[in-house]
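Colleague: Chains as they are written, first to last, in my numbering: chain A, 1 to 88; chain B, 1 to 373.
Treat the hints as calculated values from the structure; they're not laboratory data. The structure presented is a predicted model; accordingly, all values stated were derived computationally and were not measured. Just so you know, even glycine gets a beta-carbon here, dropped at the ideal spot from N, CA and C. Hints are supplied without guarantee of correctness; some may be wrong.
[As the list claims (entries may be wrong)] Just so you have them, the derived chain B footprint on chain A, three or more residues with Cβ under 8 Å:
#: 1; region: 4–17
#: 2; region: 21–29
#: 3; region: 40–52
[Said to hold, decoys possible] Keeping only pairs whose Cα atoms sit at most 16 Å apart, straight-line, the calculated EDC-like set for lysine to aspartate or glutamate is:
#: 4; chain 1: A; residue 1: K83; chain 2: B; residue 2: D222
#: 5; chain 1: B; residue 1: K76; chain 2: B; residue 2: D102
#: 6; chain 1: A; residue 1: K43; chain 2: A; residue 2: D67
#: 7; chain 1: B; residue 1: K243; chain 2: B; residue 2: E314
#: 8; chain 1: A; residue 1: K43; chain 2: A; residue 2: E29
#: 9; chain 1: A; residue 1: K83; chain 2: B; residue 2: D102
#: 10; chain 1: A; residue 1: K83; chain 2: B; residue 2: D231
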Amino acid sequence: MTEAVPAFNRGFRLRHDQVRDSWVVLAPERLFLLDGPAVEVLKLVDGARSVPAIVDALAAQYDAPRDLIAADVHAMLQDLVEKGAIRL
Amino acid sequence: MNALLPIDPPVEPPLALLAELTHRCPLQCPYCANPLELERAAAELDTATWLRVLHEASALGVLQVHFSGGEPTARKDLLQLVQGAAAAGLYSNLITSGVMLDAASLGALADAGLDHVQLSFQDADAAQADRMGGYRDGHRRKLVIAGLIRAAGLPLTANFVVHRQNLERLPEMLRLGEELGASRIEVAHVQYYGWSLLNRAALMPSRAQLEGANAEVAAARDRLRGRITIDYVVPDYYAARPKACMGGWARRIINITPAGLALPCHAAETLPGFAWPNVRDVSLGDVWRADPGFMRYRGTAWMPDACRSCDQREIDWGGCRCQAFALTGDAGATDPACALSPDHHMMADAVLEADRPAPDLVYRRIRTAALVR
Numbered sequence: 001m002t003e004a005v006p007a008f009n010r011g012f013r014l015r016h017d018q019v020r021d022s023w024v025v026l027a028p029e030r031l032f033l034l035d036g037p038a039v040e041v042l043k044l045v046d047g048a049r050s051v052p053a054i055v056d057a058l059a060a061q062y063d064a065p066r067d068l069i070a071a072d073v074h075a076m077l078q079d080l081v082e083k084g085a086i087r088l
Numbered sequence: 001m002n003a004l005l006p007i008d009p010p011v012e013p014p015l016a017l018l019a020e021l022t023h024r025c026p027l028q029c030p031y032c033a034n035p036l037e038l039e040r041a042a043a044e045l046d047t048a049t050w051l052r053v054l055h056e057a058s059a060l061g062v063l064q065v066h067f068s069g070g071e072p073t074a075r076k077d078l079l080q081l082v083q084g085a086a087a088a089g090l091y092s093n094l095i096t097s098g099v100m101l102d103a104a105s106l107g108a109l110a111d112a113g114l115d116h117v118q119l120s121f122q123d124a125d126a127a128q129a130d131r132m133g134g135y136r137d138g139h140r141r142k143l144v145i146a147g148l149i150r151a152a153g154l155p156l157t158a159n160f161v162v163h164r165q166n167l168e169r170l171p172e173m174l175r176l177g178e179e180l181g182a183s184r185i186e187v188a189h190v191q192y193y194g195w196s197l198l199n200r201a202a203l204m205p206s207r208a209q210l211e212g213a214n215a216e217v218a219a220a221r222d223r224l225r226g227r228i229t230i231d232y233v234v235p236d237y238y239a240a241r242p243k244a245c246m247g248g249w250a251r252r253i254i255n256i257t258p259a260g261l262a263l264p265c266h267a268a269e270t271l272p273g274f275a276w277p278n279v280r281d282v283s284l285g286d287v288w289r290a291d292p293g294f295m296r297y298r299g300t301a302w303m304p305d306a307c308r309s310c311d312q313r314e315i316d317w318g319g320c321r322c323q324a325f326a327l328t329g330d331a332g333a334t335d336p337a338c339a340l341s342p343d344h345h346m347m348a349d350a351v352l353e354a355d356r357p358a359p360d361l362v363y364r365r366i367r368t369a370a371l372v373r
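With the rest of the complex left out, here is chain A (with noise of 0.2 Å):
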């Protein structure tokens, strides 16, 4: 995964749900609700950012060890492979 550039899969899509003031994944018959921390990073997933530049990214953004937040987002985003929402 280290330098992989994920991307969304066809069909599904991250969307800001303005009546529930919410970010969902809405994919095929199903859709996905998110926590804080998931939404900041699909709002970096854009099938250009490599993994590390996402890692990065949030690193300027939050007071937190790059270890940790790269092992966190190495955990959400092999789960949403796994759930076939994006590809590596």
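Fit chain B to the given chain A structure using the hints.
Modeller: Leaving out everything else, chain B in the frame of chain A:
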């Protein structure tokens, strides 16, 4: 004692709109979820009304629209409706038999913003599939259409409805879904409403078939993890607890019939004693928030004591009202699928049908007076 009963929270907005655009369909599957009394083309909503409904749905909080039927591609304005859904910010899903599609129409739908296609298959064996769908050469055409859906860049769900007459070929069905490039495979045991209830004795699987299917799906999920999502709908006739039908009555989904009736589920028209609102006359927001039919079985306050005091009440929401009515004659009864229902023996009795010879199938057709139950 009343102070101890659960109090229902405020109404949350719906997540999905099931838009049954038409009851017209070239196929005649005997397990169709449509009602026995099918709407004719002349009764269907017009384009402008559907477009208004899509915008009202989005404003109300709906995130996804499922264009269904009948066969939704039988509507000449499907492309406009997909465009309308995209303009309203809705994720759009086309639930289709595929046989009326071609490369040009799929390309146009993809360009219009269609997000996903669910393509139905009746079997993995062409002759058996065409027999069940009542449509010659349908299976071969579906194989071609699946390729065209992928070529148009659209994600594909391969849908297989399974029952006693095709379950032996479930491994072939799963392989077919994989070969067709589906990103999602739906294996759905028949649920018994409308046409399928009429044909229940011809469709009910045996327990051995069900257990074989459960094992087959579990193995395929392991094998395909991370590549293909498999959704599996089990038959509640063998269950000890009912399904959370529609995620709870009027909690997640609004269904609109071809003629414009707003319902909490596609089978709700079978229930007596309701005057369902028509979206020609009423806004979707008013329907969701205040229609007496939507409110009748929403939440937990309506439940019989056995359900209301059960710790599963907000998990299964009392199961299915339409099944309760179809089997017991009382839509407010505990779903007989629940082992705690006094009517649960009806499920066990129905399951015995699986061991008897299958009767002839009654095919789905716009009914004439000659066809009565």
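Colleague: Checked against the structure, which of the hints given earlier come out wrong?
Modeller: 3, 6, 8, 9
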